[in-house]
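Asker: Sequence:
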Amino acid sequence: MSTPFPFTAVVGQDDLRLALLLNAVSPAVGGVLVRGEKGTAKSTAVRALSALLPAVDVVAGCRFSCDPDSPDPACPDGPHEPGAFETRPARMVELPVGASEDRLVGALDIERALAEGVKAFEPGLLADAHRGILYVDEVNLLHDHLVDLLLDAAAMGASYVEREGVSVRHAARFLLVGTMNPEEGELRPQLLDRFGLTVEVAASREPDQRVEVVRRRLAYDDDPTAFAARWADEEAAVRARIAAARELLSRVRLGDGALRQIAATCAAFEVDGMRADIVMARTATALAAWAGRTDVLAEDVRQAALLALPHRRRRNPFDAPGLDEDRLDETLEQFGGEPEDDDDPGPDGPDGGGGGGGGGGQPGPDHGGGTPRGGDDGSARGDDASAQAEDDGAVPPGEGESAGRPRPAGAAAGQQSAVRAAEPFRTKVLSVPGIGEGAAGRRSRARTEHGRTTGARRPRGTLTKLHLAATVHAAAPHQRARKRSGPGLVVRRDDLRQATREGREGNLVLFVVDASGSMAARQRMSAVKGAVLSLLLDAYQRRDKVGLVTFRGTSAEVALPPTSSVEAAAVRLESLPTGGRTPLAAGLLRAHEVLRVERLRDPARRALVVVVTDGRATGGPEPVALAERAARLFAAEGTASVVVDCETGPVRLGLAGRLAGELGATAVTLDGLRADSIAGLVRDVQGTSRRAA
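The sequence shown begins at 95 in our numbering and counts up one residue at a time.
The reader is advised that the hints may include incorrect statements.
[Unchecked claim] Quick list of simulated restraints, FRET-style, between CB atoms: (1) E668 to P318: 41 to 51 Å; (2) T547 to P655: 33 to 43 Å; (3) R345 to E180: 24 to 34 Å; (4) A313 to Q635: 24 to 34 Å; (5) A249 to A338: 25 to 35 Å; (6) D242 to P571: 33 to 43 Å.
By construction, these hints were calculated from the structure, which means they are not laboratory data. Glycine residues also receive a C-beta, built at the ideal position from the N, C-alpha and C atoms.
With these hints in hand, go ahead and build the complete structure from the sequences.
Answerer: Next up, the structure:
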């Protein structure tokens, strides 16, 4: 076994180390989610923690790691008689991103059941992790239903398997640790709430600290054993402190005063549900035990809030994580008086400014508002004059700029400062036709491992989902030749059939956004950004990848390469400037190139192109003909697409509709995107997909 990097040798990352240690003291805290950029010692710290956990006694031969002092009465390997046991180190089990449900929870051994008549249950990773650590790297890339399963097991302390005629329940109490890079996509708020604590980590910007990180890492790589020996005393001290805190935990007293501060804090930050209150209470208790105290103080409540609340305040992926520490201190001070119960000493004081350090992040911007939806300002004049003026760079006063704000000094002619997006709304479902085989998601039909059964096929590799009727049907014609003494169906390996299932996949939603002067006219861009923001929220909920191509002036640019981080796309969209002519052909050609490269990287993920424009094409020779020719490239390849027609006002040219015809796409207005709009009854994108089945 390789020597892990010592936990106490990790430089900085105080909040990360504290959150891990608190879960080691009290697994009831509910695990920790570590969010941060790559190369910030997330995985190193988690693997190092496993070496600090005390060894465990297990029943000899039990695959479910039962405690010999109190074996699980429902253990599938039981009942266990008093007797032999063995001592082993606490395990750290890693859950791969590509793991199946069978690998996670366990399953019936189908081949043994059919061939030998044995009802054998093969334990999964949840059983292996019992009384140890379950580590999920890149948890945000794990399919949602698997995240639900492991979080349910972590919350209940048990795993329930009901499938293929097997009914098994076994204990599954483990320290759950997930790590993720937010740039690769967010977890849904419902799943974020299931993690007890969260920590934001980042590389230090202090040169001396960075030098020490490099020095220690190089020393470890040169001789891991010698490096670990130099930190042996510190490791032993932390290991002993964890054991002592576990012993003390049951004697820690959580007074009414501390409970009142916890409840007031959760109410002040408007977190949903009661899980935050419970997690804060358990965390504050663990903090007191870690400090060697039997009473929970205000400083424990403060630190618990910084670890347990930031991720629970996010209502959507565009909200910045973090906690307003000034507001937290005010709340603790306001509710830090003596409790009503004279027998309860309560917290030591109202200041709450004690130890533990920071780590709560900065307060996020207010996303609750937004400018009103753009569109017709009520004047009788159509868009043509103002749009043409915008494209030519001559901007009429008050149009194409934020109302009441002059163009910034130094801005190029025809270019305006970015406007805020209008309030997002629930959009109609846009999907790619046909049946794909891409990554699991919630947008388009696809053949997946989960979903409704649609047929059967011969297994490719290990059999996971048996189609019983198809298996019997395949075996039936051969029974006369296979006849042996006694009744019963004789089934051989060649007869086994794998069930094929149909579910939903995530797609690549590539936004091609017109940022020219004509789009800026009459504050139209605010409504356009609001619509794209709404589609980004929809893409986030459906587990899509997103990309953003913009065009204006004389060229197009990839504002955001395809990514799973819709948060990054929203940031780019918010700062998108407008102005200049409309190089529509350049925008379409750049989008075509992005799709070509992405197909090489991920051939199974189908694309949905969303072109947001009024359809005008200006600049360069024959701009309209060039745009139509570029659009026909998408139609020839069968790329699914939709055109969001942004033209407003009483006089409309219908150019977006013509563009949709060349693309083989559907044209829908901004209002038509709304889920509650009859005019926007958009179900599936018209056209075919090159990879549709």
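Asker: A range of 24 to 34 Å was offered for this pair. Does it hold for the Cβ distance of A313 and Q635?
Answerer: violated (46 Å)
Asker: Confirm or reject the claim that R345 and E180 have a C-beta distance inside 24 to 34 Å.
Answerer: This hint holds: roughly 30 Å between Cβ atoms.
Asker: When you take the CB atoms of D242 and P571, is the distance between them in 33 to 43 Å?
Answerer: holds (42 Å)
Asker: Kindly confirm whether 41 to 51 Å is satisfied by the beta carbon distance between E668 and P318.
Answerer: holds (46 Å)
Asker: Is 33 to 43 Å a correct range for the gap between the Cβ atoms of T547 and P655?
Answerer: With a Cβ separation near 37 Å, T547 and P655 satisfy 33 to 43 Å, so the hint holds.
Asker: Would you say the C-beta atoms of A249 and A338 sit inside 25 to 35 Å of each other?
Answerer: holds (27 Å)
Comparing the model with each numbered hint stated earlier shows that hint 4 is the single one that does not hold.
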